[in-house]
Amino acid sequence: MFRTISVRLIQSIPVLLLVAVLSFILMHLLPGDPAVVIAGADATPAAVERIRRELGLDLPIWQQLLSWFLNLGQGKFGSSLVLNQTVLSAVAERLPVTMSLAALSLAITLPIGIALGVLAAYFRGRWIDATVMAIALVGVSVPSFWIAILSVILFSVTLGWVPSAGYAPLLTAGPGAWFASLIQPATVLSLFQIGFLARMTRSAMLDVLDQDFIRTARAKGVSEWRTVGKHGFRNALVAVVTVGGIILSLLIGGSVIVEQVFALPGIGRLVVQGILARDYPLIQGTMLLFGFAFVLINIGVDIVYTLVDPRVRYD
Amino acid sequence: MTDATLAAPAVQILAERRRFRVVRKLAAHRSFKIGLVLVVALVLCAIIGPWLTGIDPTTMSIRYRFKPPSARFPFGSDQYGRDILTRVLYGGRLSLSIGFSVALISGIVGTLIGVTAGYFRALDPYIMRLMDALMAFPAILLAIGIGAALGAQASSIVVALAVAYVPRTARIVRASVLVIREMEYLQAARVSGAGDLHIIVKHVLPNCLGPLIVQLTFIFAYAILAEAALSFLGIGPPPPAPSWGNIIAEGRDYSVEAWWVMLFPGLAVSLAALGMNLLGDGLRDVLDPRLKIEN
Numbered sequence: 001m002f003r004t005i006s007v008r009l010i011q012s013i014p015v016l017l018l019v020a021v022l023s024f025i026l027m028h029l030l031p032g033d034p035a036v037v038i039a040g041a042d043a044t045p046a047a048v049e050r051i052r053r054e055l056g057l058d059l060p061i062w063q064q065l066l067s068w069f070l071n072l073g074q075g076k077f078g079s080s081l082v083l084n085q086t087v088l089s090a091v092a093e094r095l096p097v098t099m100s101l102a103a104l105s106l107a108i109t110l111p112i113g114i115a116l117g118v119l120a121a122y123f124r125g126r127w128i129d130a131t132v133m134a135i136a137l138v139g140v141s142v143p144s145f146w147i148a149i150l151s152v153i154l155f156s157v158t159l160g161w162v163p164s165a166g167y168a169p170l171l172t173a174g175p176g177a178w179f180a181s182l183i184q185p186a187t188v189l190s191l192f193q194i195g196f197l198a199r200m201t202r203s204a205m206l207d208v209l210d211q212d213f214i215r216t217a218r219a220k221g222v223s224e225w226r227t228v229g230k231h232g233f234r235n236a237l238v239a240v241v242t243v244g245g246i247i248l249s250l251l252i253g254g255s256v257i258v259e260q261v262f263a264l265p266g267i268g269r270l271v272v273q274g275i276l277a278r279d280y281p282l283i284q285g286t287m288l289l290f291g292f293a294f295v296l297i298n299i300g301v302d303i304v305y306t307l308v309d310p311r312v313r314y315d
Numbered sequence: 001m002t003d004a005t006l007a008a009p010a011v012q013i014l015a016e017r018r019r020f021r022v023v024r025k026l027a028a029h030r031s032f033k034i035g036l037v038l039v040v041a042l043v044l045c046a047i048i049g050p051w052l053t054g055i056d057p058t059t060m061s062i063r064y065r066f067k068p069p070s071a072r073f074p075f076g077s078d079q080y081g082r083d084i085l086t087r088v089l090y091g092g093r094l095s096l097s098i099g100f101s102v103a104l105i106s107g108i109v110g111t112l113i114g115v116t117a118g119y120f121r122a123l124d125p126y127i128m129r130l131m132d133a134l135m136a137f138p139a140i141l142l143a144i145g146i147g148a149a150l151g152a153q154a155s156s157i158v159v160a161l162a163v164a165y166v167p168r169t170a171r172i173v174r175a176s177v178l179v180i181r182e183m184e185y186l187q188a189a190r191v192s193g194a195g196d197l198h199i200i201v202k203h204v205l206p207n208c209l210g211p212l213i214v215q216l217t218f219i220f221a222y223a224i225l226a227e228a229a230l231s232f233l234g235i236g237p238p239p240p241a242p243s244w245g246n247i248i249a250e251g252r253d254y255s256v257e258a259w260w261v262m263l264f265p266g267l268a269v270s271l272a273a274l275g276m277n278l279l280g281d282g283l284r285d286v287l288d289p290r291l292k293i294e295n
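Protein chains in written order, with my numbering: chain A, 1 to 315; chain B, 1 to 295.
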């Protein structure tokens with residue numbers, strides 16, 4: 001186990017380095033001048049030039065890349081130009097929001113998505129299958145921000161059940177307010193993932209239910225519940241785990257949009273605001289953290305995969 | 001020599017029969033048919049629809065601000081009194097073109113990269129590590145970043161989304177190439193003296209087409225959704241030229257009082273994505289039953 005983890009971590013080093021270089025390149029693609037952003041629109045050219053020198057922006061690009069790497073090596077992700085705080089503290093401040101949203105969304109997605117997929121596969125070709133797959137298809141075809149606006153009109157404006165925007169922290173506002181502020185965004189965010197997961201689970205279950213051992217189990221007189229639940233589902237789970245990384249990636253991508261609609265002060269909103277405000281170090285740092293998180297998530301998925309299916313090895 | 005001349009027509013007939021079988025299977029596939037009808041209908045609407053309404057999508061009229069759906073304005077009108085139906089029809093041209101361009105560019109570039117990585121194994125680790133790194137960023141974030149860098153216009157959306165989807169396409173093509181390059185017919189071609197280019201064009205490419213087409217259909221669907229999302233964030237094609245995404249974005253501020261402004265373009269996006277997803281499902285079942293849905 002330890003070996004698997006260390007092998008996967010070592011294998012990911014080149015990718016992590018490339019992620020860092022790409023974040024750097026992306027920042028330098030952005031038009032405009034960070035020095036102007038800091039100095040403000042009314043600054044004299046001399047003041048802009050001084051700031052540019054202070055930030056090292058007058059150096060050749062490879063020296064900037066090198067110094068950024070050296071800083072990263074010391075755990076320095078840079079400071080935001082606009083927020084007057086370091087990138088790490090800005091991210092740390094908003095992390096609970098995004099984590100809460102993602103956790104709640106995952107708690108909705110996993111049981112519903114898997115249950116729908118299993119149900120559809122078990123009743124393949126019948127009306128239950130057709131209905132479930134139609135729902136799943138709508139889930140992956142409807143733009144999330146659009147359904148979010150419609151949902152706000154219905155549940156917040158008309159019915160007044162939940163707030164239309166904003167985040168209530170778990171610790172200060174209490175679990176009730178926290179849940180109320182997140183349940184709507186989390187549900188909207190889940191729709192796409194539920195559709196995706198249901199479709200994946202269904203095809204994995206169909207593969208398994210066609211296997212000889214399922215027929216054998218039925219022939220032996222094993223109860224239907226055990227046949228499908230234990231022999232069938234456990235084997236389909238392997239295929240479901242492989243898409244775990246994709247689900248989490250969709251979740252992170254989707255949260256960027258959903259945080260925007262519901263004005264949740266999470267990391268996705270932080271990045272979008274950073275990009276729109278040309279806050280270069282913030283974009284660079286958050287993109288890098290996103291990339292790192294994704295690589296680590298995938299390692300996690302691979303490890304879970306080896307646990308679920310002992311035939312899989314990473315050497 | 002006689003063998004070869006005899007075999008050629010036989011191979012051709014077999015190939016034609018196979019093609020015919022694919023068409024027949026597709027024609028019998030329910031979701032493929034529904035998807036095809038949806039997509040063709042939307043494309044036709046986008047092409048000829050604007051002539052039918054005979055209104056300019058940017059004509060403003062203060063007298064007709066925020067009119068609910070009626071005979072004169074079937075989908076209602078927006079804050080400038082513009083006809084939403086006309087704007088949705090024109091927006092379809094832009095949104096569908098963006099989706100198509102993204103699928104086309106990701107297809108071409110992704111295939112080039114995927115074939116290179118899969119066929120020339122020495123380059124594989126370098127290319128695929130770069131693709132892995134690109135895939136480490138959520139597609140929508142990468143697109144937001146690149147879109148912001150290139151400026152708010154339709155072409156930068158296309159580039160941004162293509163960059164996000166090229167690695168995913170390349171990975172699928174590479175996977176097929178890895179299987180194909182071990183096939184005996186490939187070794188036979190190589191032994192009979194065929195060059196790399198000939199082998200790639202004649203033997204490798206045609207055989208990875210199935211999974212590629214399926215993937216591109218899904219990318220088309222994602223791209224339509226992503227265009228809408230990017231427009232919503234203010235990084236899409238700029239107004240007043242309508243795209244489905246920017247009509248929704250403009251209608252958002254009035255979503256409670258004038259729900260029709262954002263409702264209809266959203267429905268159009270959903271129908272287009274639904275149609276492409278249905279097409280993709282049908283193609284997947286027929287061309288490549290083993291292929292899993294990929295992100």
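One or more of the hints may lead you astray.
As the list claims (entries may be wrong) - Taking beta-carbon pairs under 10 angstroms as the criterion, some of the chain B residues facing chain A (in silico): (1) Ala-41; (2) Ala-122; (3) Leu-123; (4) Met-135; (5) Leu-142; (6) Leu-150; (7) Ala-221; (8) Gly-234; (9) Pro-238; (10) Ile-248.
Everything labelled a hint here was simulated from the structure, so no lab data went into it.
Ideal placement from N, C-alpha and C gives every residue a C-beta, glycine not left out.
Verification of the supplied hints:
1. Taken as an interface hint, Ala-41/B does not check out: its beta carbon lies about 15 angstroms from the nearest beta carbon of chain A, beyond 10 angstroms.
2. For Ala-122/B, the shortest C-beta to C-beta distance to chain A is roughly 16 angstroms, which exceeds 10 angstroms, and the interface hint is violated.
3. Annotation: interface hint on Leu-123/B violated; nearest CB of chain A at approximately 15 angstroms, more than 10 angstroms.
4. The beta carbon of Met-135/B is positioned within 10 angstroms of a beta carbon in chain A (closest approach about 8 angstroms), and the interface hint is therefore held.
5. The interface hint given for Leu-142/B holds, since its Cβ lies 8 angstroms from the closest Cβ of chain A, which is under the 10 angstroms cut-off.
6. Because the smallest distance between the Cβ of Leu-150/B and any Cβ of chain A comes to about 8 angstroms, under 10 angstroms, the interface hint for this residue holds.
7. The criterion of a C-beta within 10 angstroms of any C-beta in chain A is met by Ala-221/B, whose closest approach is roughly 7 angstroms, and the hint holds.
8. Given hint, Gly-234/B at the interface with chain A, holds; its Cβ is 7 angstroms from that chain's nearest Cβ, closer than 10 angstroms.
9. Interface hint at Pro-238/B: violated, since its Cβ lies 14 angstroms from the closest Cβ of chain A, which is beyond the 10 angstroms cut-off.
10. The interface hint given for Ile-248/B is met, as the beta carbon of that residue sits about 6 angstroms from the closest beta carbon of chain A, less than 10 angstroms.
Checked against the numbered hints above, the structure violates hints 1, 2, 3, 9; every other hint is satisfied.
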